[in-house]
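Student: Produce the entire structure from the sequences given, and follow the hints as far as they go.
So the sequences go chain by chain: D and C.
Oh and the first sequence: position 105 is 105 in this note's numbering, straight run, nothing missing.
Oh and the second sequence: position 255 is 255 in this note's numbering, straight run, nothing missing.
Check before you lean on any hint, since a few could be wrong.
As the list claims (entries may be wrong) - Examples of chain D residues lying across from chain C (beta carbon under 8 Å, computed): (1) 159; (2) 163; (3) 165; (4) 166; (5) 167; (6) 169; (7) 174; (8) 248; (9) 252; (10) 254; (11) 282; (12) 284; (13) 286.
As the list claims (entries may be wrong) - 27 Å max Cα-Cα, derived BS3-like pairs, lysine-lysine: (14) 133(D) with 153(C); (15) 288(D) with 266(D); (16) 211(D) with 237(D); (17) 177(D) with 288(C); (18) 82(D) with 291(C); (19) 177(D) with 237(C); (20) 153(D) with 82(D).
By construction, these hints were calculated from the structure, which means they are not laboratory data.
Ideal placement from N, C-alpha and C gives every residue a C-beta, glycine not left out.
Here are the chains, one letter per residue:
Protein chains: 2
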Amino acid sequence: MKNIKYYIGIDIGGTNIKTGVIDENGAIISEHSIPTGAHRQQEEVLNDIILSVKASIHGANVNPEDIAGAGMGTPGMIDIEKGIVIYNNNLGWRNFAVSSEMSKAIGMKVRLENDADAAALGEVIAGSAKGAKSAMIITLGTGVGSGYVVNGKIVQGCEFGHMVIDYGGRECTCGRKGCFESYCSATGLINMTKELISKNPDSILSLTAKKEGTVSGRTVFDAAVKGDNEASELIDKYISYLSCGLVNIINGLQPEVISLGGGIAKQGERLLTPLRDKVYMEIYEGIKFPKIVACTLGYKAGLIGAAMSAREI
Amino acid sequence: MKNIKYYIGIDIGGTNIKTGVIDENGAIISEHSIPTGAHRQQEEVLNDIILSVKASIHGANVNPEDIAGAGMGTPGMIDIEKGIVIYNNNLGWRNFAVSSEMSKAIGMKVRLENDADAAALGEVIAGSAKGAKSAMIITLGTGVGSGYVVNGKIVQGCEFGHMVIDYGGRECTCGRKGCFESYCSATGLINMTKELISKNPDSILSLTAKKEGTVSGRTVFDAAVKGDNEASELIDKYISYLSCGLVNIINGLQPEVISLGGGIAKQGERLLTPLRDKVYMEIYEGIKFPKIVACTLGYKAGLIGAAMSAREI
Numbered sequence: 001m002k003n004i005k006y007y008i009g010i011d012i013g014g015t016n017i018k019t020g021v022i023d024e025n026g027a028i029i030s031e032h033s034i035p036t037g038a039h040r041q042q043e044e045v046l047n048d049i050i051l052s053v054k055a056s057i058h059g060a061n062v063n064p065e066d067i068a069g070a071g072m073g074t075p076g077m078i079d080i081e082k083g084i085v086i087y088n089n090n091l092g093w094r095n096f097a098v099s100s101e102m103s104k105a106i107g108m109k110v111r112l113e114n115d116a117d118a119a120a121l122g123e124v125i126a127g128s129a130k131g132a133k134s135a136m137i138i139t140l141g142t143g144v145g146s147g148y149v150v151n152g153k154i155v156q157g158c159e160f161g162h163m164v165i166d167y168g169g170r171e172c173t174c175g176r177k178g179c180f181e182s183y184c185s186a187t188g189l190i191n192m193t194k195e196l197i198s199k200n201p202d203s204i205l206s207l208t209a210k211k212e213g214t215v216s217g218r219t220v221f222d223a224a225v226k227g228d229n230e231a232s233e234l235i236d237k238y239i240s241y242l243s244c245g246l247v248n249i250i251n252g253l254q255p256e257v258i259s260l261g262g263g264i265a266k267q268g269e270r271l272l273t274p275l276r277d278k279v280y281m282e283i284y285e286g287i288k289f290p291k292i293v294a295c296t297l298g299y300k301a302g303l304i305g306a307a308m309s310a311r312e313i
Numbered sequence: 001m002k003n004i005k006y007y008i009g010i011d012i013g014g015t016n017i018k019t020g021v022i023d024e025n026g027a028i029i030s031e032h033s034i035p036t037g038a039h040r041q042q043e044e045v046l047n048d049i050i051l052s053v054k055a056s057i058h059g060a061n062v063n064p065e066d067i068a069g070a071g072m073g074t075p076g077m078i079d080i081e082k083g084i085v086i087y088n089n090n091l092g093w094r095n096f097a098v099s100s101e102m103s104k105a106i107g108m109k110v111r112l113e114n115d116a117d118a119a120a121l122g123e124v125i126a127g128s129a130k131g132a133k134s135a136m137i138i139t140l141g142t143g144v145g146s147g148y149v150v151n152g153k154i155v156q157g158c159e160f161g162h163m164v165i166d167y168g169g170r171e172c173t174c175g176r177k178g179c180f181e182s183y184c185s186a187t188g189l190i191n192m193t194k195e196l197i198s199k200n201p202d203s204i205l206s207l208t209a210k211k212e213g214t215v216s217g218r219t220v221f222d223a224a225v226k227g228d229n230e231a232s233e234l235i236d237k238y239i240s241y242l243s244c245g246l247v248n249i250i251n252g253l254q255p256e257v258i259s260l261g262g263g264i265a266k267q268g269e270r271l272l273t274p275l276r277d278k279v280y281m282e283i284y285e286g287i288k289f290p291k292i293v294a295c296t297l298g299y300k301a302g303l304i305g306a307a308m309s310a311r312e313i
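Tutor: Written out as C-alpha cells, the structure is:
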C-alpha cells in the first residue's frame, strides 16, 4: 500500500504565525500557532517558527519520512525561485533567504509562496472552489487581493486589485485613479460609507455607526436592514462596482469558480444573490456563467495552501 | 539524425483562406491562398480548403511522413476539444465538425483553434514576442482582441476587449458601458475622431478626412502631423485609455511582452513611444516593466500559429 504523503504548512501573518501538518488531500492533521512578535530580530522570529513546526510535527504523530516538504506563505515581495523574502514591511525582513534557513533547520525542502496565492490554492484544494479546474479567489479586505489557480497550480503574480474600472475615478493608494480596490475593498466601502454619513449626519446609517462606535464594512449593511434607503443604494452601488470588476475578470479569463473572501464576503447571500444577478446581466455572450461563492476555510486556507504549494517542489 | 517535423497551418478568414506547411520552428516552407467565398455551402468551402492544403503540401516538397499534424484557426465560437465550429457568422457554419471532416480528407489529426489565439502563438514562436515566457498580444482592429501565451502554450479564452475601464462610459457593442474596446479599437478611435470633426468642421482634421475620403484609424494621426492640436490631444487621450487597459493587464498578469497588432499598431513608434511612457508611470510598484512592441508577422502570424497549435495534439 502506498503511504499517504504529508506536507508542512507555514503561514506568516502580521499577528500570528500558524504552522501545521497537512495530508496530501488538504486535510489538517495537526496545527500550532505562535504570536509573530514582528518587532523582534529575524533570527528570533525564525527560531519560533522552527519550534512551532516541530510542535506541529510532534502533534501529527505521523512517520517523519512521509513528510515530503514544507511550504511557507508570506506577504510582501518574494523571489519564489530563490526562496528569498525581498521585503516584508510587517516583519522588517529584507533580502532574507528564509527558505534555505528553514530548510537547514527542519531537514526538508521549503517552498516560499505569496500568502494570498497560498490561500487561493487552499480554497481550491479543500474549500469553496474544491475540484475547480480554474478558480479566482478575490479577497475584499483592507485591499482587494486576488489569487488564480488553474489545474491545481497557482498562476504566479495574478493581481487584479489595481485594475482601473473607473477612468479618472477615486484615488487609489497605488497612484492610479479608479482602481477596483479603491471601490471594492473594505476600505473603499468604509470611505464611501463615511462620505454618506457626512452628507446626512442624522440618518439611520449615522446612528448605526455611532452605536457601533466605528465605521466598518458591516455598518452600511446593518443600516440597510434597519430601513435606511440611502444605505441600500450605497450597497447597490458597491455591488455594481464589484460586479464590474468581476465581469472584467470573467470576460478576460473565464474562471470556473469565483470565491470571495475577506471581511465583506461575510455578508454571505446578502451580497452574493444580488451580485450574481448583476454579473449575469453583464457577462459577454457565450461565456459560461461561473459559480460565485464565499470562501469557506478562513485562516485555514493559507495554512493548507502553503503546505500544498510544496507539492510543486 | 532526427528529421525536422512539419505542420499544416490553415487560417480561415472572411475574405481569404490561407494554408501552408510550417516547420517545427515556425518557418513557412510553402503557402497557398484561396478566396473564402463565404456565401457558398460549407461542403464547397471545405473542398477548397482541402485542395489548398494539398497544394501547400505539394509546394513544400517535404516527406509527407514528416508532417505531424494540422491546425486550423477560425473566428467565432468553437469547441476545441471536440473540433467543432459552434457558430461562425461569416461562413454561416453551425455545429460543423470541421476537424474530423478535414482529418478524414488529409489523413492526419486536425486541431481547431481560435484565430486570434493562433495569431498570438505565431507572434510568440516566430515574431515580435519570440522566446517570451509569457506574452499578451492585443489587436487594435475592428474590436480589441487578445491572445495570451504562457510557456509556449495558448491560455484558452483570454479576452480583455470587454474589460470596463470607464464605469458608465461609452456604450459598447457587448451591452456594457466603458469597455476597453469601445475606446481603443480602431472603431473606437474612428468614433472619437468623428465626434471631434463634427465639433469643428473647419479644422485640419476635418479637411484631412475630406481629402482621404473617409475617417480611418490613421486620420487623426495624419492631422496631428499637419499641426492640428485637437487631433494631438485626441491621440493623447487615446493613448491614455490604451495605457489604462494595458496597465490593468500588466498589473493583473505580468506578461513579459505585450505585442500590439491591428490597424492602429501600424503607427509604430508614434504610438509606442508615448504609450511606454504612460504605462511606465502607472504600473504597480515592484512589477517588472514589460517589453511593449508592435506585431511583426502580419497575416503570417495566424498561419504559423495555427500550425504550431497542432503540436498540442
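Student: Give a verdict on every hint.
Tutor: Checked hints:
The beta carbon of residue 159(D) comes within 6 Å of a beta carbon in chain C, closer than 8 Å, and the hint placing it at the interface holds. About 4 Å separates the beta-carbon of residue 163(D) from the nearest beta-carbon of chain C, less than 8 Å, and the hint is met. Look at residue 165(D): its Cβ gets to within about 5 Å of chain C, closer than 8 Å, so that hint holds up. Using the Cβ-Cβ criterion of 8 Å, the hint placing residue 166(D) at the interface with chain C is satisfied: the shortest such distance is roughly 4 Å.
Proximity of residue 167(D) to chain C holds as hinted, the smallest CB-CB distance being about 4 Å (cut-off 8 Å). Below 8 Å, beta-carbon pairs count as interface contacts, and residue 169(D) has one with chain C at about 7 Å; its hint therefore holds. Interface hint at residue 174(D): satisfied, since its Cβ lies 6 Å from the closest Cβ of chain C, which is below the 8 Å cut-off. A distance limit of 8 Å between C-beta atoms decides the matter here; for residue 248(D) the minimum to chain C is near 4 Å, and the interface restraint holds.
With a least beta-carbon distance of about 5 Å to chain C, the hint placing residue 252(D) at the interface is held under the 8 Å criterion. Proximity of residue 254(D) to chain C holds as hinted, the smallest CB-CB distance being about 4 Å (cut-off 8 Å). Interface restraint check for residue 282(D): the shortest CB-CB distance to chain C comes to about 6 Å, inside 8 Å, so the restraint holds. The beta carbon of residue 284(D) comes within 5 Å of a beta carbon in chain C, closer than 8 Å, and the hint placing it at the interface holds.
For residue 286(D), the suggested interface contact is upheld, since its CB lies about 6 Å from the closest CB of chain C, less than 8 Å. Distance check on the hinted pair: residue 133(D) and residue 153(C) sit about 17 Å apart at the alpha-carbon level, within 27 Å; holds. Between residue 288(D) and residue 266(D) the alpha-carbon distance is near 26 Å, which keeps this suggested pair within the 27 Å criterion. Taking the CA atoms of residue 211(D) and residue 237(D), the gap is about 24 Å. The hint holds against a cut of 27 Å.
With a C-alpha separation of about 20 Å, the suggested pairing of residue 177(D) with residue 288(C) holds against the 27 Å cut-off. Taken as a hint, the residue 82(D) and residue 291(C) pair is honoured in the structure, with Cα atoms around 24 Å apart against an allowance of 27 Å. Distance restraint check for residue 177(D) and residue 237(C): the Cα-Cα separation of roughly 15 Å lies within the 27 Å cut-off, and the hinted pair is therefore satisfied. Restraint check: the Cα-Cα separation between residue 153(D) and residue 82(D) comes to about 19 Å, which is no more than 27 Å; the hinted pair holds.
Of the numbered hints stated above, none is contradicted by the structure.
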